[in-house]
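Novice: When you get a sec, could you build the whole thing from the sequences and use the hints?
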Amino acid sequence: MAVKIVPIPGGKGTAFRAVAYVIWPEDADVTAATTIEKLFKSDGGEKSKLWSRFDYWVDGGIKDSYFHGWNESGYEHCFVFKWNKSDKMQRLYGVLFHPKRHTNPRFIVCVLFSHCVKFGKFTDPAQKKKAETLYRNANVKAAVEKAYPDK
Amino acid sequence: MAQLNGHWTNESVKAFLYRISFDFVTQLENMMDADGVKPNELAKRLGVSKGRVSQILNNPGNLTLRTVVEYARALDVKVAIVAYDDDDVDNDNGPVNPQIFAACWERSGKPTDFFSAGMAVAVTGGVEIDARWSRRDVPAGKLDPEMAATMAQIDSMVWQSVEDRGENAGTDSD
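These protein sequences, in sequence, are chains U and C. Per the numbering used here, the first sequence starts with residue 2, numbered consecutively. Per the numbering used here, the second sequence starts with residue 353, numbered consecutively.
Hint data in this document are derived by calculation from the structure and do not stem from the laboratory. Note that the structure is a prediction, hence the values are computed from the model and not measured. By construction, the Cβ of each residue, glycine as well, lies at the ideal position given by its N, Cα and C atoms. Incorrect hints may have been included.
What the hints assert, rightly or not - Derived DSSO-like pairs: lysine-lysine, alpha-carbon spacing no greater than 30 Å straight-line:
| hint | chain 1 | residue 1 | chain 2 | residue 2 |
| --- | --- | --- | --- | --- |
| 1 | C | Lys366 | U | Lys83 |
| 2 | U | Lys48 | U | Lys89 |
| 3 | U | Lys119 | U | Lys86 |
| 4 | C | Lys402 | U | Lys83 |
| 5 | U | Lys83 | U | Lys142 |
| 6 | U | Lys39 | U | Lys5 |
| 7 | C | Lys462 | U | Lys89 |
| 8 | C | Lys462 | U | Lys119 |
| 9 | U | Lys64 | C | Lys402 |
| 10 | C | Lys396 | U | Lys64 |
| 11 | U | Lys101 | C | Lys462 |
| 12 | U | Lys64 | C | Lys462 |
| 13 | U | Lys86 | C | Lys396 |
| 14 | C | Lys396 | U | Lys122 |
| 15 | U | Lys119 | C | Lys366 |
Stated by the list, open to error - Each pair of labels, with its calculated beta carbon distance range:
| hint | chain 1 | residue 1 | chain 2 | residue 2 | range |
| --- | --- | --- | --- | --- | --- |
| 16 | C | Lys430 | U | Lys142 | 24 to 30 Å |
| 17 | C | Thr464 | U | Lys5 | 49 to 55 Å |
| 18 | C | Thr464 | U | Glu38 | 43 to 49 Å |
| 19 | U | Lys142 | C | Ala469 | 48 to 54 Å |
| 20 | C | Asp385 | U | Lys86 | 19 to 25 Å |
| 21 | U | Glu27 | C | Val431 | 49 to 55 Å |
| 22 | C | Arg404 | U | Ala143 | 46 to 52 Å |
| 23 | C | Cys456 | U | Asn72 | 29 to 35 Å |
| 24 | C | Val448 | U | Asn85 | 24 to 30 Å |
Specialist: Written as structure tokens, this is what we have:
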């Protein structure tokens, strides 16, 4: 199955930002789709908590306790949305793309790829590396450009 | 995938309520961060446990108006309930974040009455226009003709009054 980029269901989009997720069954590290689709079907507070964070980022909000990227060299394209469930630190990792370089260069889409529970203080470096790998993957890039055409 | 028209807050009143409550507590947290107020300090001011404050900040879905007022006042700020028309009748975009309203209000010089907000005109010692007749942003051509005629009549009264009073007359506020 080809790589597919899907806008977050029920999510808000602006001229500047959008949140999406990647479906890529062949890649075992790409796990976000299952979580997002399952959460979206639920009617619990966890969905509201996460979708509110998506909205806040899309609106241009800044709040490290909800989401953030990394300034660290080599990991500039990695992004994370954070929330807690039953005292466990839930994390959705994503990759930042600028797919409309000609028509709207400021537009950023965060493509979520991985859901995991974080243990300890520091982010698993594998997630950051995976984000950069996906950023450079030609199939992913093409799928993002198809979902968010530069026209 | 579940089918949903428009924004996720269309799913239920509960979802919409969660979003606006989330926006409110995010505003509070930003204020607390800016002022260096820790949750235990806020709990002390409110006379509640730190756990209760954390519960409100982390799970704001069941906020009551009383709690909203109590938490805002504990941080020395006020709160308003604002109804607005953002031309999004199907709610494709969800609620407008209250920080946007607050920023616009601050940029407008923090008006605290209809006069200083330019919604009503008062003439010194003369005609006072009730805020009921405040101007509204109505797209060209969509203003009700009767309302347009009434507004024109009021404008005429106001400016006639100003002219009659010469230099000593003026508007308290424009």
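Novice: For each hint given before, does the structure comply? Return the numbers of the non-compliant ones in rising order.
Specialist: 7, 8, 11, 16
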